[in-house]
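Chemist: Knowing the structure of chain A, use the given hints to seat chains B and C on it.
The primary structure of each chain is shown beneath.
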Amino acid sequence: MHRFLLLLALSLGLLSAGAASAETPTLTIYTYNSFTSEWGPGPAVTKAFEATCACKIDWVALEDGAALLSRLLLEGKNTKADLVLGLDTSLTAEATATGLFAPHSLDLKNLKLPIAWADPVFVPFDYGYFAVVYDKTKLPNPPTSLKELVEGDPSQKILLEDPRSSTPGLGFMLWIKEVYGDKAGEAWTRLAPRILTTSKGWSEAYGLFTQGEAPMVLSYTTSPAYHIIEEKTDKYAAAPFAEGHYMQVEVAGRIAGSPHGDLAGKFLAFMITPAFQDQIPTTNWMYPVSDVTGGLPKEFGQLVQPAKSLLFAPEEVAAHRKQWIDEWSQATSQ
Amino acid sequence: MIRRLVPGALTFLLLGLVIGGAFAGLLRAAGTADYGAFLESRYTQRIVTFTVWQALLSTLLSVGPAILVARALARRVFPGRALLLRLFGLPLVLPTLVGILGVVAICGQSGLFNRLLAGLGIAPHQFLYSLPGILIAHAFFNLPLATRLLLPVWSAIPGETWRLATQLGMRSRHVFRLIEWPLLRQVLPGIAGIVFMLCFTSFAVVLTLGGGPANSTIEVALYQAVRFEFDLGKAVQFALLQVAICGLLVAAGQRLVPDVPLTPTAQRPQDRPDVAAWGGRIVDAAVLLAAAAFVLLPLGAVLRNGLAGPVGAVIADRALWLAVARSLGVAVAAGLLATAAGWCLLLTSRELRLRRYRPRPAAALETIASLVLVVSPLVIGTGLFVLLSPVADVFAIGLVLVIAINAIMGLPYVVRTLGPPLMRMGEQHDRLCASLGIAGWNRLRLVEWPLLRRPVGTALALTAALAVGDLGVIALFGTQGTTTLPLLLYQRMAAYQLDAAAVTAVVLAALCFGLFAVIERGVGGRGQH
Amino acid sequence: MASIDLNDLAFRYEDMQMQFDLHVEDGECMAVIGPSGAGKSTLLALIAGFERADSGSIRIGAQDVTRLHPSVRPVTMLFQDHNLFAHLDVAANVGLGIHPGLKLTAADRGRVDAALEQVGLAGFAQRLPSQLSGGERQRVALARSLVRDRPVLLLDEPFAALGPALRREMLDLVRALQAARGLTVLLVSHQPEDALYATTRTAFVSDGHVLQVGATRDLLDGAAGTELRTYLGEFQIREIGRGD
Chain A
2 MHRFLLLLAL
12 SLGLLSAGAA
22 SAETPTLTIY
32 TYNSFTSEWG
42 PGPAVTKAFE
52 ATCACKIDWV
62 ALEDGAALLS
72 RLLLEGKNTK
82 ADLVLGLDTS
92 LTAEATATGL
102 FAPHSLDLKN
112 LKLPIAWADP
122 VFVPFDYGYF
132 AVVYDKTKLP
142 NPPTSLKELV
152 EGDPSQKILL
162 EDPRSSTPGL
172 GFMLWIKEVY
182 GDKAGEAWTR
192 LAPRILTTSK
202 GWSEAYGLFT
212 QGEAPMVLSY
222 TTSPAYHIIE
232 EKTDKYAAAP
242 FAEGHYMQVE
252 VAGRIAGSPH
262 GDLAGKFLAF
272 MITPAFQDQI
282 PTTNWMYPVS
292 DVTGGLPKEF
302 GQLVQPAKSL
312 LFAPEEVAAH
322 RKQWIDEWSQ
332 ATSQ
Chain B
30 MIRRLVPGAL
40 TFLLLGLVIG
50 GAFAGLLRAA
60 GTADYGAFLE
70 SRYTQRIVTF
80 TVWQALLSTL
90 LSVGPAILVA
100 RALARRVFPG
110 RALLLRLFGL
120 PLVLPTLVGI
130 LGVVAICGQS
140 GLFNRLLAGL
150 GIAPHQFLYS
160 LPGILIAHAF
170 FNLPLATRLL
180 LPVWSAIPGE
190 TWRLATQLGM
200 RSRHVFRLIE
210 WPLLRQVLPG
220 IAGIVFMLCF
230 TSFAVVLTLG
240 GGPANSTIEV
250 ALYQAVRFEF
260 DLGKAVQFAL
270 LQVAICGLLV
280 AAGQRLVPDV
290 PLTPTAQRPQ
300 DRPDVAAWGG
310 RIVDAAVLLA
320 AAAFVLLPLG
330 AVLRNGLAGP
340 VGAVIADRAL
350 WLAVARSLGV
360 AVAAGLLATA
370 AGWCLLLTSR
380 ELRLRRYRPR
390 PAAALETIAS
400 LVLVVSPLVI
410 GTGLFVLLSP
420 VADVFAIGLV
430 LVIAINAIMG
440 LPYVVRTLGP
450 PLMRMGEQHD
460 RLCASLGIAG
470 WNRLRLVEWP
480 LLRRPVGTAL
490 ALTAALAVGD
500 LGVIALFGTQ
510 GTTTLPLLLY
520 QRMAAYQLDA
530 AAVTAVVLAA
540 LCFGLFAVIE
550 RGVGGRGQH
Chain C
-13 MASIDLNDLA
-3 FRYEDMQMQF
7 DLHVEDGECM
17 AVIGPSGAGK
27 STLLALIAGF
37 ERADSGSIRI
47 GAQDVTRLHP
57 SVRPVTMLFQ
67 DHNLFAHLDV
77 AANVGLGIHP
87 GLKLTAADRG
97 RVDAALEQVG
107 LAGFAQRLPS
117 QLSGGERQRV
127 ALARSLVRDR
137 PVLLLDEPFA
147 ALGPALRREM
157 LDLVRALQAA
167 RGLTVLLVSH
177 QPEDALYATT
187 RTAFVSDGHV
197 LQVGATRDLL
207 DGAAGTELRT
217 YLGEFQIREI
227 GRGD
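Chains as they are written, first to last, in this note's numbering: chain A, 2 to 335; chain B, 30 to 558; chain C, -13 to 230.
No lab work stands behind these hints: they were computed from the structure.
Some hints could be false.
As the list claims (entries may be wrong) - Footprint (simulated), chain B over chain A, 3 or more residues, beta carbon under 8 Å: (1) 104 to 114; (2) 182 to 194; (3) 236 to 247; (4) 253 to 266; (5) 292 to 305; (6) 310 to 319.
To be verified - Below 35 Å or equal to it, Euclidean Cα-Cα: the simulated DSBU-like pairs (lysine-lysine) are: (7) A:309 to A:236; (8) A:137 to A:78; (9) B:263 to A:110; (10) A:57 to A:267; (11) A:323 to A:148; (12) A:158 to A:78; (13) A:81 to B:263; (14) A:110 to A:299; (15) B:263 to A:78; (16) A:148 to A:236; (17) A:110 to A:323; (18) A:158 to B:263; (19) A:113 to A:78; (20) A:110 to A:309; (21) A:323 to B:263.
Virtual Cβ for every residue (Gly too), placed ideally from N, Cα, C.
Next comes chain A alone, as it looks inside the complex (with noise of 0.2 Å):
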């Protein structure tokens, strides 16, 4: 009985663990939860902004970038984002029309996106490249065409992600859609034996691709850099394709109505200054949208540099999106 009790109040000692309070304004930003891990860029572009802005940041980390804009449409107004950060380019059009966005002061001109960039509420703050990564040792032949990865040998297989519950699986099925257009059912038919599963997330898609389950998973171009730089081995390689590669842009943007708006708007002009950009390339592995101190680190060189640069706009994407993914079910349920 005496232990029953000790638990009891040993579980609620380990509740109140962690709670504190400051004076100090806190700006609280919804994001992604490897953003905030201790390896993400999180700690350093804390650090970093709460040396010049006089205040706290407290960050909320999420699943990922589709679980953010369902919990801001699940809070609405009472939010209590000031700012969110992890969208990316497939979601900001039904971000915008929550409504609960406010616009960027920001002139992007210097921006070094691939792309031309005109939304006035969002501002990106990383982009990266999808592209098939395979295992050297065991995919000698790798495609170098989406089409010569939908027609090529079934028994060389490919773990993909559901576009339903990633945006990577999301991206790739945009990707197949913009080269083949009309014919996209078409094509995911003929992929469809190649797919060895079609995974919940990027993170178990990758996990099987490590542990040897097939030789190719739907990936970024920069996924090789992880491996290059931190455990010393160029086993994984992205592979170019022919036809150009399907974009994911990153964006951050303020809620409209929040108490500490200026201090938000701080951050965003924050983020495309190279204390923030420096981070990007190693602890998110992905691509800044600005100068770099010292420029990009030198293993980046080693990666595809895709010819061409695919992306729909969000609002295409938010008109069809539903359509086009019982197309993918359709073509892949046979």
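Modeler: Below, chains B and C alone, put in the same frame as chain A:
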């Protein structure tokens, strides 16, 4: 006395409020939706068919072999038996992702099985990433649970029955048909019901091992509706459909044979007439070896992958230990809440059954408590969030909601584990306590607690360990500051650090197992199964 | 011939080293009395074969049964409780004595009915044990012992939970069956009246040994041996007439 009906009624009411509130929140946010078209859509029908089918098959493949394994465990005494039983408690409480990776390590393309085949010159066999894979993974998670739940049946067979069987010259098949099966028949609907519910609402397994959208369950569709299509109306439709179908199936199964509480007696397995036979020994040894391999190999793979990673770096990381503390806090709180709520419900159920001779409402109460598994935690979490966020501080209630939802999901296990002993205790000691005037706190302290310590320990251990391994619920609400251990695992995975993630997975599994063992021993006290 | 001979039968039960020497005549009804924990039930279990003796021998009639499996020993044993399978009806419970898998021919079924008649339960064939009283349940067990047709009947306090009149009736029944079939009966009981009523000789077991064996009346009367007297306490033989 009305007083004894209160705790259960209150708990039941709260439960109803929470779940009802969740649905209300969702319905209000969802607006109107066309139910007719929804039910008629081919997509819906295909999903429902697949969900029911895979759940049925998974239940058969988990519970069927479990009968053989439990029988073998009941008949044989061997060194390591207690450890094996404890390890059988692990797959259920492991985070699903960790379990899946373990299963993949054995049955996957480059898993142990295929490597052995390759060694024999046979091409690798791909069977994991479609229905068979789902069934194997479900069996991995649920067969050990079913075995543990079935084992008490044998303790309910009086010693004289075995002597009788020996005297009458019964063989193994007679024993099974005439002694064991009639008792098993009574508990199987309840156990199969729990396994069915778990497989019906299964999510990560189906999504990762299903192979593609053709193999989708209702839970998957629900998840997508909430998280990616932002269509709460559709989510509510799927949630209601899930509750309706699964609830009906399980409740119908329970109706067929009512759950009868069993009375354990002192056991001597050597009294059984079929213990000495060599045929039986070989069968039992084979069954136990197969079961042990099936459960332990994936666990071993997880351990091996973890030990191969940067163990030192991960262990030295302060964030790990903060996450451990946070996980423990949430888990123990959820476990305590679940155990307390279950106890209240069972007190009232016992009052109804024993003193008011109303077994039907009592059984209904217990069944409803067990049925909460059919309501997806995503639904409860999202619904409550929508309902409460206009009126309460989102961040504070986030943690409370996580604890509450984990507690709700642990309720069926509490009812299952604590119910029969509580009932039996009532039967044996009610009159005595009444005549001596022992009631209320005194009764709890002097009579009930010493006798119920062990099942309470098991119930608490199980629900706490389940909460440690939970990823789904806590991911719903986001975290500030320190994260829990499963979230830390996911963070590492999402940051390319798969080796470190493997180590974290081992730490997590060890924590689940350790918490389970410590609570079961510490609260439950010594004693053998 | 179904006499029972226990020679130097040794058995270790927890800390107690038991050793039994006993001779039961063919066709006799012997009572086994003694304090709790003395080993009475163990004695019966050894004869029935549920326990394996460490050394010594058991003979039933001319047969050495020491190493035989319980189901082939010429013995039937009745326990105090749980003699029946709760989910099988009376006829099935009795039928199990003929075939352990309940594969019964028409002739077998006739034997079952006959046995039920003999114990006074004609017409009870379809009832479930839960619908019977304690005495009726023990009668069903007795009916089963009849269809088994083994010469030795061991009774381990089977009537302890019954009232005095009912107990008397059951003992009458046992005596009748014994007379009809020539059974050798060992009856364990805590009621010296039962021993007096139904048995010719009595064995007094204490501390794992048979301390005294003799004619029931002589044993229970008088101060033969302090241990027995301690066990019996205030018990004195009174004449028990019919109709008391």
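Chemist: Taking the hints in turn, state whether each one holds.
Modeler: Status of the hints after comparison with the structure:
Under the rule that three or more residues need a Cβ within less than 8 Å of chain B, the assignment of the segment 104 to 114 of chain A is violated, with 0 such residues. Counting residues of the segment 182 to 194 of chain A whose CB lies closer than 8 Å to any CB of chain B gives 1, which falls below the minimum of 3, so the coverage claim is violated. Coverage of a stretch by a chain is defined here by at least three residues with a beta carbon nearer than 8 Å to that chain's beta carbons; for the segment 236 to 247 of chain A and chain B the count is 0, and the condition is violated. Residues of the segment 253 to 266 of chain A with a Cβ under 8 Å from some Cβ of chain B number 0, which does not satisfy the need for three, so the listed coverage is violated.
With a threshold of 8 Å between beta carbons, the proposed coverage of the segment 292 to 305 of chain A by chain B is violated, since 0 of its residues qualify and at least three are required. Taking a C-beta to C-beta cut-off of 8 Å, the segment 310 to 319 of chain A contributes 0 residues in contact with chain B, too few for the three needed, and the coverage statement is violated. Proposed proximity of residue 309 of chain A and residue 236 of chain A is supported: the alpha carbons are some 25 Å apart, at most 35 Å. With a CA separation close to 50 Å, the supplied pair residue 137 of chain A and residue 78 of chain A exceeds the 35 Å bound.
Annotation: proposed proximity of residue 263 of chain B to residue 110 of chain A is violated, straight-line Cα distance about 42 Å (limit 35 Å). Between residue 57 of chain A and residue 267 of chain A the CA atoms are separated by roughly 13 Å; this keeps the pair inside 35 Å, and the hint holds. For the hint linking residue 323 of chain A to residue 148 of chain A, the alpha-carbon distance of about 24 Å falls within 35 Å, and the restraint holds. For the suggested pair residue 158 of chain A and residue 78 of chain A, the alpha carbons sit about 46 Å apart, so the restraint of at most 35 Å is broken.
Among the hinted pairs, residue 81 of chain A with residue 263 of chain B is consistent with the structure: their alpha-carbon atoms are about 27 Å apart, no more than 35 Å. Between residue 110 of chain A and residue 299 of chain A, the direct Cα distance comes to roughly 26 Å. Compliance with the 35 Å bound is thereby established for this hinted pair. Distance restraint check for residue 263 of chain B and residue 78 of chain A: the Cα-Cα separation of roughly 23 Å lies within the 35 Å cut-off, and the hinted pair is therefore satisfied. Between residue 148 of chain A and residue 236 of chain A the CA atoms are separated by roughly 24 Å; this keeps the pair inside 35 Å, and the hint holds.
Simply put, residue 110 of chain A and residue 323 of chain A have alpha-carbon atoms about 33 Å apart, close enough for the 35 Å limit, and the pair holds. Straight-line distance between C-alpha atoms of residue 158 of chain A and residue 263 of chain B comes to about 34 Å, which keeps the hinted pair within the 35 Å bound. The straight-line distance between the Cα atoms of residue 113 of chain A and residue 78 of chain A is roughly 34 Å, inside the 35 Å bound, and the hint therefore holds. Restraint check for residue 110 of chain A and residue 309 of chain A: satisfied, since their Cα atoms lie roughly 21 Å apart, inside the 35 Å limit.
Restraint check: the Cα-Cα separation between residue 323 of chain A and residue 263 of chain B comes to about 13 Å, which is no more than 35 Å; the hinted pair holds.
Hints 1, 2, 3, 4, 5, 6, 8, 9, 12 from the earlier list are contradicted by this structure; the remaining hints agree with it.
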